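Colleague: Residues per chain, in single letters:
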Amino acid sequence: MIVQIQGSKQTGKKYWRSLEELADTTQFKQWVAQEFPATAEDAADGNSRRKFLNIMAASMGLAGLTACRRPEEHILPYSKSIEEQIPGVPLRYASVFSLGTRAQGLVVESSDGRPTKIEGNPQHPNSLGAASGFAQASVLCLYDPDRSRSVLEGGKASKWETFSESLKAQNWGDGSGLRVLSQAVNSPTLSALRAEILTKYPKSAWVEYEPINEDTLLAGSALAFGQRLRPVYDLEKAKVILSLDSDFLLHDSPGLEATRGYAKGRRNAEGLSRLYVAESNYSITGAQADHRLRLKPSEVLGFASDLAREAGALPQGLKILGQNDKFGKWTKSVAKDLLENKGSAVVIAGARQPAEVHAIAALLNQIIGAIGSTVNYIKHERESMSAGVTKLSEDLTAGIVKTVVILGGNPAYDAPAHTNLAANLKKASVIHLGYEVNETAKLAGWHIPEAHYLESWGDALCDGVASIQQPLIEPMFGGKSAIEVAALLAGLSPKGFELVKSHWKLDDKSWRKALHDGVIASAKDDFVKVVADPKRVDAAVSAAPKLVSGMEVAFFPSATAYDGRFANNGWLQETPDPMLKLVWDNAGIISPKTAKVLAVENGDMLAITVAGKTASVPAMILPGHADETVSVTLGYGRKEIGRVGKDVGVDVYPIRANAGMGFSAAQIVKGSGHHNLVTTQEHFSMEARPIVREAKVEDYHHHKNFATHEDEEIEQYSIYGYHEYDKGNQWGLVVDLNSCVGCNACITACQAENNIPIVGKDQVERGREMHWIRLDRYFSSTSEDENHVASEDPQVVYQPMACQQCETAPCESVCPVAATNHSPEGLNDMAYNRCVGTRYCANNCPFKVRRFNYLNWHKDMEESTKMVFNPNVTVRMRGIMEKCTYCVQRVQEAKIQAKVEGRRDLRDGEIKTACQQTCPAEAITFGNINDPNSAVSKLKKNDLNYGLLKELNLKPRTSYLAKLRNPNPELA
Amino acid sequence: MALIFPKHLDAIVRTLAPLLGLGALSGIGLAFFATLPDNLEPGYMPVQPVPYSHKLHAGNLGLDCLYCHSTVDKSSFAAVPASQTCMNCHKQVKKDSESIRPIKESFESGMPVNWLKVHKLPDYVYFNHKAHVNVGVSCVSCHGRIDQMVEVKQFANLSMSWCLECHRNPAPNIRPVELVTKLDWKPEGRDPADIGRELIAQKHINPPTNCSGCHR
Numbered sequence: 000m001i002v003q004i005q006g007s008k009q010t011g012k013k014y015w016r017s018l019e020e021l022a023d024t025t026q027f028k029q030w031v032a033q034e035f036p037a038t039a040e041d042a043a044d045g046n047s048r049r050k051f052l053n054i055m056a057a058s059m060g061l062a063g064l065t066a067c068r069r070p071e072e073h074i075l076p077y078s079k080s081i082e083e084q085i086p087g088v089p090l091r092y093a094s095v096f097s098l099g100t101r102a103q104g105l106v107v108e109s110s111d112g113r114p115t116k117i118e119g120n121p122q123h124p125n126s127l128g129a130a131s132g133f134a135q136a137s138v139l140c141l142y143d144p145d146r147s148r149s150v151l152e153g154g155k156a157s158k159w160e161t162f163s164e165s166l167k168a169q170n171w172g173d174g175s176g177l178r179v180l181s182q183a184v185n186s187p188t189l190s191a192l193r194a195e196i197l198t199k200y201p202k203s204a205w206v207e208y209e210p211i212n213e214d215t216l217l218a219g220s221a222l223a224f225g226q227r228l229r230p231v232y233d234l235e236k237a238k239v240i241l242s243l244d245s246d247f248l249l250h251d252s253p254g255l256e257a258t259r260g261y262a263k264g265r266r267n268a269e270g271l272s273r274l275y276v277a278e279s280n281y282s283i284t285g286a287q288a289d290h291r292l293r294l295k296p297s298e299v300l301g302f303a304s305d306l307a308r309e310a311g312a313l314p315q316g317l318k319i320l321g322q323n324d325k326f327g328k329w330t331k332s333v334a335k336d337l338l339e340n341k342g343s344a345v346v347i348a349g350a351r352q353p354a355e356v357h358a359i360a361a362l363l364n365q366i367i368g369a370i371g372s373t374v375n376y377i378k379h380e381r382e383s384m385s386a387g388v389t390k391l392s393e394d395l396t397a398g399i400v401k402t403v404v405i406l407g408g409n410p411a412y413d414a415p416a417h418t419n420l421a422a423n424l425k426k427a428s429v430i431h432l433g434y435e436v437n438e439t440a441k442l443a444g445w446h447i448p449e450a451h452y453l454e455s456w457g458d459a460l461c462d463g464v465a466s467i468q469q470p471l472i473e474p475m476f477g478g479k480s481a482i483e484v485a486a487l488l489a490g491l492s493p494k495g496f497e498l499v500k501s502h503w504k505l506d507d508k509s510w511r512k513a514l515h516d517g518v519i520a521s522a523k524d525d526f527v528k529v530v531a532d533p534k535r536v537d538a539a540v541s542a543a544p545k546l547v548s549g550m551e552v553a554f555f556p557s558a559t560a561y562d563g564r565f566a567n568n569g570w571l572q573e574t575p576d577p578m579l580k581l582v583w584d585n586a587g588i589i590s591p592k593t594a595k596v597l598a599v600e601n602g603d604m605l606a607i608t609v610a611g612k613t614a615s616v617p618a619m620i621l622p623g624h625a626d627e628t629v630s631v632t633l634g635y636g637r638k639e640i641g642r643v644g645k646d647v648g649v650d651v652y653p654i655r656a657n658a659g660m661g662f663s664a665a666q667i668v669k670g671s672g673h674h675n676l677v678t679t680q681e682h683f684s685m686e687a688r689p690i691v692r693e694a695k696v697e698d699y700h701h702h703k704n705f706a707t708h709e710d711e712e713i714e715q716y717s718i719y720g721y722h723e724y725d726k727g728n729q730w731g732l733v734v735d736l737n738s739c740v741g742c743n744a745c746i747t748a749c750q751a752e753n754n755i756p757i758v759g760k761d762q763v764e765r766g767r768e769m770h771w772i773r774l775d776r777y778f779s780s781t782s783e784d785e786n787h788v789a790s791e792d793p794q795v796v797y798q799p800m801a802c803q804q805c806e807t808a809p810c811e812s813v814c815p816v817a818a819t820n821h822s823p824e825g826l827n828d829m830a831y832n833r834c835v836g837t838r839y840c841a842n843n844c845p846f847k848v849r850r851f852n853y854l855n856w857h858k859d860m861e862e863s864t865k866m867v868f869n870p871n872v873t874v875r876m877r878g879i880m881e882k883c884t885y886c887v888q889r890v891q892e893a894k895i896q897a898k899v900e901g902r903r904d905l906r907d908g909e910i911k912t913a914c915q916q917t918c919p920a921e922a923i924t925f926g927n928i929n930d931p932n933s934a935v936s937k938l939k940k941n942d943l944n945y946g947l948l949k950e951l952n953l954k955p956r957t958s959y960l961a962k963l964r965n966p967n968p969e970l971a
Numbered sequence: 000m001a002l003i004f005p006k007h008l009d010a011i012v013r014t015l016a017p018l019l020g021l022g023a024l025s026g027i028g029l030a031f032f033a034t035l036p037d038n039l040e041p042g043y044m045p046v047q048p049v050p051y052s053h054k055l056h057a058g059n060l061g062l063d064c065l066y067c068h069s070t071v072d073k074s075s076f077a078a079v080p081a082s083q084t085c086m087n088c089h090k091q092v093k094k095d096s097e098s099i100r101p102i103k104e105s106f107e108s109g110m111p112v113n114w115l116k117v118h119k120l121p122d123y124v125y126f127n128h129k130a131h132v133n134v135g136v137s138c139v140s141c142h143g144r145i146d147q148m149v150e151v152k153q154f155a156n157l158s159m160s161w162c163l164e165c166h167r168n169p170a171p172n173i174r175p176v177e178l179v180t181k182l183d184w185k186p187e188g189r190d191p192a193d194i195g196r197e198l199i200a201q202k203h204i205n206p207p208t209n210c211s212g213c214h215r
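Those sequence lines, one after another, are chains D and H.
Numbered according to numbering that gives the first Met the number 0, the first sequence spans residues 0 to 971.
Numbered according to numbering that gives the first Met the number 0, the second sequence spans residues 0 to 215.
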């Protein structure tokens, strides 16, 4: 069977979004019946309609009086002109965004002095023009009104000058009582300052700590190669990829270039790469897998070593999991496949796994000839962060440490549980540089507001690529950077720009070039030649703890809050988790089988106990998750934070200790109580229509037209007929389902570009989320049974869904006020100022992609947050319908620019929609379908191209390329 | 049931009712007429903080519009010049005049001059100067004879139908690009619309009339 269409009568795959949909529960049916479930009467603030009418009457009266005079508006020109600054013309600056131990090169757009939009820097090898969701959302953090605004001394407002005077007056002698605790030092300037401080205070110590770190990865390479190295992958070359619990497309991403390379390997139907994933949680990398093995996290080591022994990377020995039929078949087939693809296969180990798994991955890479081809290693001298922070805590307990200078981060919240750091910090005087008055700031004698990366000079070095972090705006709330505070400690003048510039010692021309390009050096020459030592690894593997039975807990970074630092970012909080579609919460993810064993349903509390400490986490059932394991996401349950993130979700750091930073054995029982988890997975359901299409690659070679051959051929009548769609620019878009990895970056990019509001958990529960792009996640399983039981191993397909820009748009014909109309270029235009909010259009939209502003979501927005708005897009009021416009503001600007330059035609690729520009996988292509040579036209001619709901004669301008899977016949 | 009002009131009501109705109707009509863009918008002339005369500078002295409004062909905004631009001349000319004191103060203090906006479009209209000026729509088409105004006042009603009038038939308002700031331009012996039509054909000028042309 090749055609696997949802709802198809033939025994194909069945696609569903949630277990409720599969079981066809009453609750699900209600969701489907009511696309817009409740009326505007039940406003969040409790205003009844009567009260609303009262308020309206009063404001009408006032409006009547004030309308007699025309409101005065002012024009405030500069006093003196600023070079290159033209009002209304955005400027772009290259900069760099550090997150944990990684950095992404960016190009940041400044609209009249306000940074408004983040894009990737095409010249930066770690971003290649794409930007992650975190990078996209980081601009909102800049304008966060809850940021720390003042230097605090013992909780009372003070001044930077007072602080620097007091620091200068300190006498630390040889520094034996001084410790510096910073976030990962990616900055060469900060690194140099660290050396200077350590020279000045030889007995002091500088500890780097990130809760999401690469300790085991570096320890693994030390075990295999004898030196601390970081792997750099070239996945475009890889024909066979094995992930050992690595979510390399999202959480364990070495850089966006990994996603880019992987996606390229999936677009080529002739040489489609094959992905094996062995993992516990269902990650987005697992969703891409051709074969996915569900394992407890502790079993990965057993699987990896069995595989290595099978492949000959490790000496023969006792197989740990080999007895089990399923694992035996897996190790044989995967080992064979890897060895058959020497030089074009690669093994990637995940950050949660112990050093031994990373070492085995290195050995496997050696034996399959990956090193030097699909993977290279680069020196990365970074000491173990967990060990460092443990040592610091011991020194604090021993009373050796008198002063701790904390440069950024929130260690009191996210340090390993066994260190008891928050309590121990009280024994010393603490100086805290932080972005917000957080848990750590509350313990500090001095708190200094930290400058955002868009406000301060800095630099970053990641995998041999150095970039200058260029600020776009003066610190909004007088913040200082880590570099500046470190300089003060070192006794230097704390001026960020001079520190960075003097560190790089570039002549004026090269300095300007470095700023302009955003890249200083290239990575390639830093690759080291390495040989792995199987004996050492074998000894370590043999000594490693063997399998233990019982429940386990695994810790994951949050796709929204990361480690907790983005908890106050509304854009991220409201972005649905890629797999769970959960918003404004974290959860303990368990398999349906484990849920049955524990007798819990979605939202029931789980009591997870590790080493005597218990966390109470709401359960969330995910088909495809490993049994006897609960996966929890970090970064929630913040107590000392701004209004957005306070008390959202639960804090699981108390059960994360050094012995199990990735995962550990745990006692898990049903706890008491229930928590309301809100997901978007059933919202705007497409109800069993053939929306997602996929096939095995070998079947595709026999039936090239599988994507469209089931479409009904109907006579094409249209009640529209007045547009000449064969003339001029005709915009179209293609989404390649083979490339889309479901990383959510497009959702945040769209939110930033189009001024999309956030609505809050309560309103999402009512189905009022405003995202223009809905990233549908479908589970699928081949089941002949119709008894609505979820497969234990369902596959997952992602499909981004936004306005399809139908040529014969059903929304247009029902609008009573002609607020939505067709443009001659094939766009379904939306004139917001005309819309009266009948919602007829949304009711008539077969794709359910229109969004209605039930309330004025911007009402309580602080002035500082308004600075993030894109000036080229209308901010919509309550009562207005909105939807994707193909970023028509970008289309118009490009057309006008072409006109100014005297060009008649636009160049292909000149206009990029926001989602397309940020997509690390290059899954989205936009352009003129009237131009036969445009990239989008070529894709539309591809065999895999299909439009949705052809039987409705909608002629959507968005189409999809059907997904191909490349399963191993031996494992199928 | 007893009657509340005496019978003879009927006559009064019968006389007054049509009068009241007529009054209400004419009230509505008046309100409608008074709020037409044509009656509401043109002629708006706020008092500016600096008594700057366009008639003197652009008319009598012959300064080109682009000397001050230098971004008009580069940006959507036709920026009001920085105080620095004024001081280019006024460092020498009339440097002690009371009228230019606010400019001088602004130049020295770095604070902007608080000009009042005359031509105002709603926030949901994305008018773009650069798109118009670069295809040969003259300043005069929308702003009138600025070079004859001592104080700037609004010339056109700036309503949507007024915009569309030109977008549907641009020929009368298209001229050679180099002449856009020549407000008194009159081609000798030719209809300007003919020249406009030639230019439209030559440059493929095709102004949008769909929603997203101006609303985003």
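Since the hints were derived computationally from the structure, they do not count as laboratory data.
Certain hints may be false.
[Claimed, not checked] Covered stretches of chain H (chain D as the covering partner; in silico rule of three or more C-beta atoms under 8 Å from a C-beta of chain D): (1) 44-58; (2) 98-108; (3) 130-141; (4) 173-180.
[Claimed, not checked] Within a straight-line C-alpha distance of at most 25 Å, the following computed DSS-like cross-link-like pairs (lysine-lysine) qualify: (5) H:Lys119 - D:Lys865; (6) D:Lys155 - D:Lys167; (7) H:Lys94 - D:Lys79; (8) H:Lys185 - H:Lys202; (9) H:Lys202 - D:Lys79; (10) D:Lys726 - D:Lys401; (11) D:Lys426 - D:Lys401; (12) D:Lys894 - H:Lys73; (13) H:Lys73 - D:Lys911; (14) D:Lys703 - D:Lys911; (15) H:Lys116 - D:Lys79; (16) D:Lys939 - D:Lys263; (17) D:Lys726 - D:Lys638; (18) D:Lys638 - D:Lys441; (19) D:Lys612 - D:Lys703; (20) H:Lys103 - D:Lys894; (21) D:Lys79 - H:Lys103; (22) D:Lys79 - H:Lys185; (23) H:Lys94 - D:Lys865; (24) H:Lys73 - D:Lys426; (25) H:Lys202 - D:Lys726; (26) D:Lys441 - D:Lys669.
[What the hints assert, rightly or not] Listing some non-contacts, in silico: residues in chain D with all C-beta distances to chain H over 12 Å: (27) Leu271; (28) Glu806; (29) Tyr831; (30) Gly901.
The model shown is predicted, which means the values in this text are computed figures rather than measured ones.
Ideal Cβ placement from N, Cα and C applies to all residues, glycine included.
Colleague: Now tell me if each hint is right for this structure.
Modeller: Here is how each hint holds up against the structure:
1. 44-58: violated (count 1)
2. 98-108: holds (count 3)
3. 130-141: Holds, because 3 residues of the stretch 130-141 of chain H bring their Cβ atoms closer than 8 Å to Cβ atoms of chain D.
4. 173-180: Coverage by chain D is violated here, the residue count being 0 at a Cβ distance below 8 Å.
5. H:Lys119 - D:Lys865: 22 Å, holds
6. D:Lys155 - D:Lys167: 20 Å, holds
7. H:Lys94 - D:Lys79: The hint holds at about 18 Å.
8. H:Lys185 - H:Lys202: The given pair, whose Cα atoms are some 21 Å apart, holds under the 25 Å limit.
9. H:Lys202 - D:Lys79: 37 Å, violated
10. D:Lys726 - D:Lys401: 75 Å, violated
11. D:Lys426 - D:Lys401: 8 Å, holds
12. D:Lys894 - H:Lys73: 14 Å, holds
13. H:Lys73 - D:Lys911: 21 Å, holds
14. D:Lys703 - D:Lys911: It is violated: about 30 Å lies between the C-alpha atoms, which goes past 25 Å.
15. H:Lys116 - D:Lys79: OK: H:Lys116 and D:Lys79 at ~20 Å, within 25 Å.
16. D:Lys939 - D:Lys263: 18 Å, holds
17. D:Lys726 - D:Lys638: 59 Å, violated
18. D:Lys638 - D:Lys441: 11 Å, holds
19. D:Lys612 - D:Lys703: 57 Å, violated
20. H:Lys103 - D:Lys894: With a Cα-Cα distance of about 40 Å, the restraint between H:Lys103 and D:Lys894 is violated, given a limit of 25 Å.
21. D:Lys79 - H:Lys103: Measuring from Cα to Cα gives roughly 11 Å; hence the hint holds.
22. D:Lys79 - H:Lys185: Distance ~37 Å between D:Lys79 and H:Lys185 Cα, so the pair is violated.
23. H:Lys94 - D:Lys865: Not OK: H:Lys94 and D:Lys865 at ~41 Å, beyond 25 Å, violated.
24. H:Lys73 - D:Lys426: Between H:Lys73 and D:Lys426 the Cα gap is close to 61 Å, so the pair fails against 25 Å, i.e. violated.
25. H:Lys202 - D:Lys726: 17 Å, holds
26. D:Lys441 - D:Lys669: With Cα atoms ~34 Å apart, D:Lys441 and D:Lys669 exceed 25 Å; violated.
27. Leu271: 39 Å, holds
28. Glu806: 14 Å, holds
29. Tyr831: Violated, because the least Cβ-Cβ distance between D:Tyr831 and chain H comes to about 6 Å, which does not exceed 12 Å.
30. Gly901: Nearest chain H Cβ is 8 Å from D:Gly901, so the label is violated.
This entry does not satisfy hints 1, 4, 9, 10, 14, 17, 19, 20, 22, 23, 24, 26, 29, 30, going by the numbered hints stated previously.
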